[in-house]
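Got chain A sorted already, so can you dock chain B onto it with the hints?
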Amino acid sequence: MTDANATRPRTRRDAQFDKIRDREAALAGTRQHTARFMSKFLNNRLAVVGFVIFAVICLMSLFAPLIAQHDPMSPNLRAIAKPPSAEHWFGTDKTGRDVFARVLYGGRVSILVGLGSALLSAIIGVIIGVYSGYVGGWLDWIAMRISEIFMSFPQIILVLLLVAILGQSLLNLIVIFTLTGWGGIYRMARARMLSIREEEYVQALRSFGLGPARIAYKHMLPNALGPIMVNITLSTAAFILQEAGLSFLGLGVPLSIPTWGNILNAAQDLRVLEQNWWIWLPVGATISLFVLSVNFIGDGLRDATDPSQQG
Amino acid sequence: MQPNDPILKLRDVQVHFPVKTGVFKRVTGHVRAVDGVDLDVRRGEVLGLVGESGCGKTTLGKAILQLVRATQGTVTYSGEDGETELTSLDDAGLFRFRKRLQIVFQDPHSSLNPAFTIFGSLEDPLRHYGVKTREERRKIVGDLLEAVNMRRESMDRYPHEFSGGQRQRIGIARALSIEPELIVCDEAVSALDVSIQAQVLQLLMELKREKNLTYVFITHDLSVTEYLCDRIAVMYLGKIVELCDAEDLYANTLHPYSQALLSAIPVADLDKKSRRIVLQGDVPSPVNPPSGCPFHPRCRYVVDRCKTEVPELRRFKSAKGEHMAACHLIDQPLAEQPLRTESP
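So the protein sequences, as listed, match chains A and B. For what it's worth, this note's numbering labels the leading residue of the first sequence as 300, then goes sequentially. For what it's worth, this note's numbering labels the leading residue of the second sequence as 3, then goes sequentially.
FYI, nobody ran anything at the bench for these hints, they're computed from the structure. Hints are supplied without guarantee of correctness; some may be wrong.
As a list, the in silico DSS-like pairs of lysine-lysine whose alpha-carbon atoms are at most 27 angstroms apart [stated by the list, open to error]:
#: 1; chain 1: B; residue 1: K210; chain 2: A; residue 2: K517
#: 2; chain 1: B; residue 1: K319; chain 2: B; residue 2: K11
#: 3; chain 1: B; residue 1: K101; chain 2: B; residue 2: K210
#: 4; chain 1: B; residue 1: K213; chain 2: B; residue 2: K141
#: 5; chain 1: B; residue 1: K11; chain 2: B; residue 2: K101
#: 6; chain 1: A; residue 1: K517; chain 2: B; residue 2: K141
#: 7; chain 1: A; residue 1: K517; chain 2: B; residue 2: K134
#: 8; chain 1: B; residue 1: K210; chain 2: B; residue 2: K11
Ranges of calculated distance between the beta carbons of each label pair, as one might list FRET restraints [claimed, not checked]:
#: 9; chain 1: B; residue 1: Q282; chain 2: A; residue 2: M450; range: 28 to 38 angstroms
#: 10; chain 1: B; residue 1: G166; chain 2: A; residue 2: P453; range: 49 to 59 angstroms
#: 11; chain 1: B; residue 1: T23; chain 2: A; residue 2: I464; range: 55 to 65 angstroms
#: 12; chain 1: B; residue 1: H111; chain 2: A; residue 2: Q567; range: 53 to 63 angstroms
#: 13; chain 1: A; residue 1: S587; chain 2: B; residue 2: V196; range: 55 to 65 angstroms
#: 14; chain 1: A; residue 1: P453; chain 2: B; residue 2: T23; range: 26 to 36 angstroms
Glycine included, C-beta positions come from ideal geometry on N, C-alpha and C.
Same shape as in the complex, but just chain A (with noise of 0.2 angstroms):
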């Protein structure tokens, strides 16, 4: 028996199995939450992964003054629509514009949008979602009219409505993505509770006399968590792809300013399409890079707060 496991080649999964008998070993008794979750997630290959092309597009976007040697606003009539170079490395654009200078500060605003929308409309969702899904009556009854209201509204017209008062801008457009953005979250987060709220652990927790809030956020919304990243990971995919789609029309970001969706739009140009391909392909695998990394990440935060899964 033992020869059997002697002459066995160790695999990634022994090595796996030893450093968490050792890590157990070391942290007997005061095993921590927190160590537990972050060794569970750096485990997971993907999520690392996805967690570097996101740490990595994040910091060339923040350090993009460092980093271009061109301004992203500034054309250079001498060199429209040139292939990539050793001087321009992802080639110019239609108006001679540094291609690589306008990704790096595109990202800037496009990663403002998609994540901070998809942020800031899953706490809001989340917020009212855990609280009055676990409560019932007539606050949950008012919170669903709410969203139903939102939900309904078509988000073009709230954006001409927006544009038309206040003007183009960058917040208009986090404001509008989370507007129409938290009923999502809210319904999937409210119809979890519902289910959970059923549960013996709730009605234990209840049978104590403990305060709804505490039990919903403290208690109840840790097992909602899963399917809240997911959804926090496939907005931000679509609000950076929205926020392209509207700049197009001239109703998001002004077109001056680059974004990935404005860059992108270059490329509604069939002759761009086929004969310029650097102006539109480096955009378009950074954004589905990114996605990538995001969704990665998503999952991976999902598997490491699930308890039930050993890193």
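Frame of chain A, contents of chain B only:
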């Protein structure tokens, strides 16, 4: 306080759930889950609450703990500081009494929060009741786990790492954590297999002796009540139909429904043939309970009076204290044949 004084008095407790239908959610009727229950729970006793599924046992248990509010009637708790009507208190007022009443649930798989360690689940109520430091809470939780025959270290594990029986014991530990006087065991052993059942029952009885507890033991398993209970209340369709000393119930069954129920206990003796009383039909809907005696559509002794007149719980003479039953016919010779006859 005498040991036999009632710790809990239920008077005409009703729990009705509205039935809403249609687009406008009009209330078209009520599910009479508990329909007028009078019951005293005596300090230090084990009161069995038996009946088939859907007869309102669990709802009554929850109504005792005020997890479901009674739509009518009163639940009165009497302790050292006199009597308190729990049904008239709001959540803030109930706070003091939550500590005295606890519940152990049926399903060991949903009774513990899967996202928390055992310590995480058990510490919050303790904190709520004023155990300030983490070290103290860890000590208390550890002691509790040892009290239910589990290892102290288990507190840092997650619920999915335990078997059903272990989880049920953790559920008992949780109920004990704030040192209650009365524990409602809602089908506490029904989901466990028989050997584990015996273990958990043993544990419950030991804890009762040590900590001077009172149990309300809700179950559909009559062989468990026989082993465990001092008194037994038989419920049918939201009403108590028979209430008496446990031995008395098995020796001298009065109500026809109880007779049918008892005859369904399997007997592990081939020479002893029990006469099964098989009830016809289903339990009537609690939305539309039958007129008169709720049991009359299925009763084999039914007479006209049963169909119109609701029988009250009446007292009957018995060797062991009082024997209550709700049946019009008991004064008449009802059980011509004894229940478990030995066949020749």
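Cross-check of the supplied hints:
1. K210(B) <-> K517(A): 32 angstroms, violated
2. K319(B) <-> K11(B): 22 angstroms, holds
3. K101(B) <-> K210(B): 17 angstroms, holds
4. K213(B) <-> K141(B): 18 angstroms, holds
5. K11(B) <-> K101(B): With Cα atoms ~18 angstroms apart, K11(B) and K101(B) stay inside 27 angstroms; holds.
6. K517(A) <-> K141(B): Measuring from Cα to Cα gives roughly 22 angstroms; hence the hint holds.
7. K517(A) <-> K134(B): 18 angstroms, holds
8. K210(B) <-> K11(B): 20 angstroms, holds
9. Q282(B) <-> M450(A): 28 to 38 angstroms: Between Q282(B) and M450(A), where Cβ atoms are some 53 angstroms apart, the hint is violated.
10. G166(B) <-> P453(A): 49 to 59 angstroms: 52 angstroms, holds
11. T23(B) <-> I464(A): 55 to 65 angstroms: 45 angstroms, violated
12. H111(B) <-> Q567(A): 53 to 63 angstroms: 55 angstroms, holds
13. S587(A) <-> V196(B): 55 to 65 angstroms: 58 angstroms, holds
14. P453(A) <-> T23(B): 26 to 36 angstroms: 34 angstroms, holds
The earlier numbered hints that this structure contradicts are 1, 9 and 11.
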